[in-house]
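One-letter residues, chain by chain:
There are 2 protein chains.
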Amino acid sequence: MSIENTIAEFKKYTDKFVALNMACGMFSWDMATGAPKGGNRARAVIMSVLAGEAFSLSISDEMKGYIDELEAHASELDEITSVMLKYCKKAYHSYRSIPVAEFMAYSELTSNSQNIWEEAKENNDFSFFKETLDKIIKYGIKFIGYRGYKVHPYNCLLDDYEEGLTVEQLDVFFSKMKQTIVPLLKRIQTEGKKPDTSFTTRYVSKEKQQKISELLLRKVGFDYNRGMLKESAHPFTMNFTRDDVRITTHYRENMFLSSFFSVLHEYGHSLYEQSKRDDIAGTMLDSGVSMGIHESQSRFFENIIGRSLEFWQNIYDELMEILGDDFRDITPEMFCSAVNVAEPSLIRTEADELTYSLHIMIRYEIEKMLISGEYNIDELPVLWNKKYEEYLGITPGSDAEGILQDVHWSGGMIGYFPSYSLGNAYAAQIYSFMQKDLDVLGLVRKGDFGPIKDWLKEKIHQYGSLKTPDEIITAISGEKLNADYYVKYLEDKYTKVYGLN
Amino acid sequence: MSIENTIAEFKKYTDKFVALNMACGMFSWDMATGAPKGGNRARAVIMSVLAGEAFSLSISDEMKGYIDELEAHASELDEITSVMLKYCKKAYHSYRSIPVAEFMAYSELTSNSQNIWEEAKENNDFSFFKETLDKIIKYGIKFIGYRGYKVHPYNCLLDDYEEGLTVEQLDVFFSKMKQTIVPLLKRIQTEGKKPDTSFTTRYVSKEKQQKISELLLRKVGFDYNRGMLKESAHPFTMNFTRDDVRITTHYRENMFLSSFFSVLHEYGHSLYEQSKRDDIAGTMLDSGVSMGIHESQSRFFENIIGRSLEFWQNIYDELMEILGDDFRDITPEMFCSAVNVAEPSLIRTEADELTYSLHIMIRYEIEKMLISGEYNIDELPVLWNKKYEEYLGITPGSDAEGILQDVHWSGGMIGYFPSYSLGNAYAAQIYSFMQKDLDVLGLVRKGDFGPIKDWLKEKIHQYGSLKTPDEIITAISGEKLNADYYVKYLEDKYTKVYGLN
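These protein sequence lines map, in sequence, to chains A and B.
Per our numbering, the first sequence starts with residue 1260, numbered consecutively.
Per our numbering, the second sequence starts with residue 1260, numbered consecutively.
No lab work stands behind these hints: they were computed from the structure.
Glycine included, every Cβ here is placed at the ideal spot set by N, Cα and C.
Hints may be right or wrong, so weigh each one.
To be clear about the criterion: a stretch of chain A counts as covered by chain B if any three or more of its residues have a C-beta under 8 Å from a C-beta of chain B, and this derived list gives those stretches [claimed, not checked]:
#1 1275-1283
#2 1368-1380
#3 1474-1486
Non-contacting residues of chain B with respect to chain A, defined by C-beta distances greater than 12 Å in every case (computed) [stated by the list, open to error]:
#4 1274
#5 1281
#6 1307
#7 1315
#8 1339
#9 1500
Cross-link-like lysine-lysine pairs, in silico, DSS-like; alpha carbons within 27 Å at most [stated by the list, open to error]:
#10 1270/A x 1323/A
#11 1270/B x 1470/A
#12 1470/A x 1489/B
#13 1465/A x 1394/B
#14 1349/B x 1467/A
#15 1397/B x 1348/B
#16 1296/B x 1271/A
#17 1323/B x 1489/A
#18 1716/B x 1296/A
#19 1465/A x 1489/B
#20 1712/B x 1470/B
#21 1296/B x 1716/A
#22 1489/B x 1401/A
#23 1470/A x 1275/B
#24 1296/A x 1435/B
#25 1401/A x 1275/B
#26 1465/B x 1323/A
#27 1275/A x 1712/B
#28 1323/A x 1445/B
#29 1465/A x 1275/B
#30 1394/A x 1752/B
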């Protein structure tokens, strides 16, 4: 076969696991947005069969044949084929030693476990979830055993979400974070002038919040023709193809800012996914390159734009039309101060920018222990609570606001949390260089998001998974990820918000 | 390998195409209930890949191996395995001569064509759809060429929806229908006393109609834990597994009965799917056996129950609470008479029970021509209109209410329409024997649907695809499908409604 034919056949072959992964995604989307509960068990079996098929394709002899043949002609490959080959090779070597039956059993387990976790959280009872979680962790450990790792077993999982990321790097990263955040938080608490946040818990009906979601998405220009907004228990973004990217939010009537920032956060994810180049749309490169870069985009819209005074000034009049007299006493400045308050809290997703990394650090440290096998499942809630006491000075009053708060582990996503912190750091680094080209906050004040979106598309979004995180951030800033930008961003911001000097 | 192992491996293999078919179904459901339009094209590609995979599995050498091995041990197989083998063998022999690439191209075509048809219908312009339709028909003809047929090429397609059904049988069936319906319709029009239907077009808000849907489903006892009701352009039922069966309806504010009867119709389908035996749930037999039997269940709830005086008497008070003063002048008797009016009309889905079969006859005759290749695509609208003039005495004023009214052809479903008429006939035959065991309308009057549902489950629903239509109807009535029951049902009903003697 000519190399052109091999490439064409290889691409057709990868279309199959793209389609199978999409199908799993479609079932997940369906489950999260209202599928009948009675079908959960059968649906989990179907998803495990589909995931098993995709898995089998990635480690088949046919795949091995394509890899060998394409590698032999490496110099003749176009960029897209080369990168696809890289991912296929990585998956092949990573997964080929896991028995398909075990992978499918694991996949069925994680499909079912989301409902178990939900019920445990609703009933505020970790004991209902602990056996399932224990099984998930043990599968994680077992699979790492099959897959192999360098230095620390947790590195194997970190690499799944952020290529090349290691415990060594993260230890340095978090230690730098800790050195900045802990004293800054202390200064804020002792010397700072705490903004008034009392009005943020005023009642806002779900209907009004839905209108606020529409306002926000209209402002930033969400493409409804290629996406939609729905409700789910836990906000998320689901990208099927570049032309079908869906986001969700949830509404809490005494916490309208929760949905407000979720919508902006998920919008950031969706913009990344909707802005890819034509020639990678529909291929296996048609998704963001890493969780870290992805989170940089969501956090950019949520925090850097969404918590700026300029944004609140821009939306104020229209927002007031929705919020009505109940908020007539609140100025844009008051909103902006309130959404930038920093204080220890229990729930990660509601945490402020400053303390957020401490929440991640806790999960990072616990996950390292879990994956090393150094844990006692019954003692996890206590361990969790102790770490909150240690880093944040507060203790969860229940499992629901402690160990059970996050969905990730129920889906088998261990090693994912650190990417949230990387995302914040990437966002600060990107923002620093965007400001050299654009008057970012001036544009936000005018509601002119076009130039910002174009800039992101040119530097990041268009590539999907074509460029590595390192390539992207180096092209933008001339260096790899550097936490100093984020540290400086936090120091500048909170010095200002709290009137420190 | 022992035969037990072969059976186990064979079942695992069939799980794969069950899962792939479910995945295609999930994408269809998603598209029909609000997926972003911009993703349609990419979604069609994904669906074609999934359908192609399922298709490949059904004609693979591995499948051939299972068929040969299981046939060699036919006497040792349990009933479920035997029936699964029968279907796999039929599919294998039917499809193995179709090239996979052509099947996938066809699948992509029919995924895309639904949107094209929708647009053509919205714009009332057949020319927008005709090229696509022409391609679909030509694929149909081509595939029949690959697959082979007996006597008439259309038989090949009829058999897809109703095993063993032939043109010869249908010609007899429809000729009997025609001989009854045409003179009866004439008598009604000349001698009958036409019920007042003027109030059926009174405005009923969508919100009220949604409440009516809930009332109806509560009355008959829809299992929301294993199903849901949503909106779509065209009402339909989608069964994933026994424990996840979904129905849709549409709301027209000046035609509230349209949704009323759609809900009952789709409920009948859903009850069939939700009532299968434990041991076939999740297998490839976990769906109704044929379109004819399926339609018998939907038409039973829509017409035999839903248009009975007893049903209207039962729901009257609760219905009135929703409809309010606007309908205070209408008695249950007036409702019942109005919903049993018979007169020539243009739209099949809104047609009454008497003239319904004439609508089907027209489609049957046209499809026979299409599949024989005896058609001119440009002249189809005229041909359609002529037949309406001939059989019903009225002529569509536009493509939208003529040739473009049905979704079926856009999905490649040629040969499906006759099953609607078979469904009506099966329903009358089943009803005739159900009455020997139960005081059906007495139960309906009391709103006690349990015994009726139990009867249907025992005789029909539990089997899924395990028993053939012939086996089912013979076990109930001691004979095969016999149109006489239906003819008698129509004569009795309309003589009464129109006060003939």
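Hints, one by one, checked against the model:
Only when three residues or more bring their CB closer than 8 Å to a CB of chain B does the claim for the region 1275-1283 of chain A stand; here the count is 6, and the claim holds. Counting residues of the region 1368-1380 of chain A whose beta carbon lies closer than 8 Å to any beta carbon of chain B gives 0, which falls below the threshold of three, so the coverage claim is violated. Evaluation of the coverage hint for the region 1474-1486 of chain A: fulfilled, as 5 residues show C-beta separations to chain B shorter than 8 Å, against a requirement of three. In this structure residue 1274/B is not separated from chain A by more than 12 Å, as the shortest Cβ-Cβ distance comes to only about 5 Å.
A beta-carbon of chain A comes within 12 Å of the beta-carbon of residue 1281/B; the shortest separation is about 5 Å. Not every C-beta of chain A lies more than 12 Å from that of residue 1307/B, the closest at about 9 Å, which undercuts listing it as non-interface. A Cβ of chain A approaches the Cβ of residue 1315/B within 12 Å, the least distance being about 10 Å, so the stated non-interface status is violated. No Cβ of chain A approaches the Cβ of residue 1339/B within 12 Å, the least distance being about 17 Å, so the stated non-interface status holds.
For residue 1500/B, the non-interface assignment is contradicted: its Cβ lies about 4 Å from the closest Cβ of chain A, within the 12 Å cut-off. For the given pair, residue 1270/A sits about 14 Å from residue 1323/A by alpha-carbon distance, which is consistent with the 27 Å threshold. At most 27 Å may separate the alpha-carbon atoms for a hinted pair to count; residue 1270/B and residue 1470/A exceed this at roughly 50 Å. For the hint pairing residue 1470/A with residue 1489/B, the CA-to-CA distance comes to about 23 Å; that is within 27 Å, so the pair holds.
Between the alpha carbons of residue 1465/A and residue 1394/B the distance comes to roughly 48 Å, so the proposed pair goes past 27 Å and is violated. Between residue 1349/B and residue 1467/A the alpha-carbon distance is near 56 Å, which puts this suggested pair outside the 27 Å criterion. Under the criterion of a C-alpha separation no larger than 27 Å, the hint pairing residue 1397/B with residue 1348/B is consistent with the structure, at around 26 Å. With a CA separation close to 25 Å, the supplied pair residue 1296/B and residue 1271/A stays within the 27 Å bound.
Proximity of residue 1323/B to residue 1489/A is assessed by CA-CA distance (about 45 Å); at most 27 Å being required, the pair is judged violated. Our distance criterion of 27 Å between C-alpha atoms is met by residue 1716/B and residue 1296/A, whose separation comes to about 22 Å. Annotation: proposed proximity of residue 1465/A to residue 1489/B holds, straight-line Cα distance about 21 Å (limit 27 Å). Restraint check for residue 1712/B and residue 1470/B: the C-alpha separation of about 23 Å stays at or below 27 Å, so the hint holds.
About 22 Å separates the Cα atoms of residue 1296/B and residue 1716/A, which keeps this hinted pair within 27 Å; it holds. The suggested pairing of residue 1489/B with residue 1401/A is violated, with an alpha-carbon distance near 43 Å, which exceeds 27 Å. For the proposed pair residue 1470/A and residue 1275/B, the alpha carbon gap of about 43 Å is over 27 Å, so the pair is violated. For the hint pairing residue 1296/A with residue 1435/B, the CA-to-CA distance comes to about 46 Å; that exceeds 27 Å, so the pair is violated.
Annotation: proposed proximity of residue 1401/A to residue 1275/B holds, straight-line Cα distance about 26 Å (limit 27 Å). In summary, the hint linking residue 1465/B to residue 1323/A is not supported, as the alpha carbons are separated by about 57 Å, beyond the 27 Å threshold. Among the hinted pairs, residue 1275/A with residue 1712/B is inconsistent with the structure: their alpha-carbon atoms are about 42 Å apart, more than 27 Å. Between residue 1323/A and residue 1445/B the alpha-carbon distance is near 72 Å, which puts this suggested pair outside the 27 Å criterion.
At roughly 42 Å between alpha-carbon atoms, residue 1465/A and residue 1275/B are farther apart than 27 Å, so this suggested pair is violated. Distance restraint check for residue 1394/A and residue 1752/B: the Cα-Cα separation of roughly 63 Å exceeds the 27 Å cut-off, and the hinted pair is therefore not satisfied.
Consistency note: the structure conflicts with the earlier hints numbered 2, 4, 5, 6, 7, 9, 11, 13, 14, 17, 22, 23, 24, 26, 27, 28, 29 and 30.
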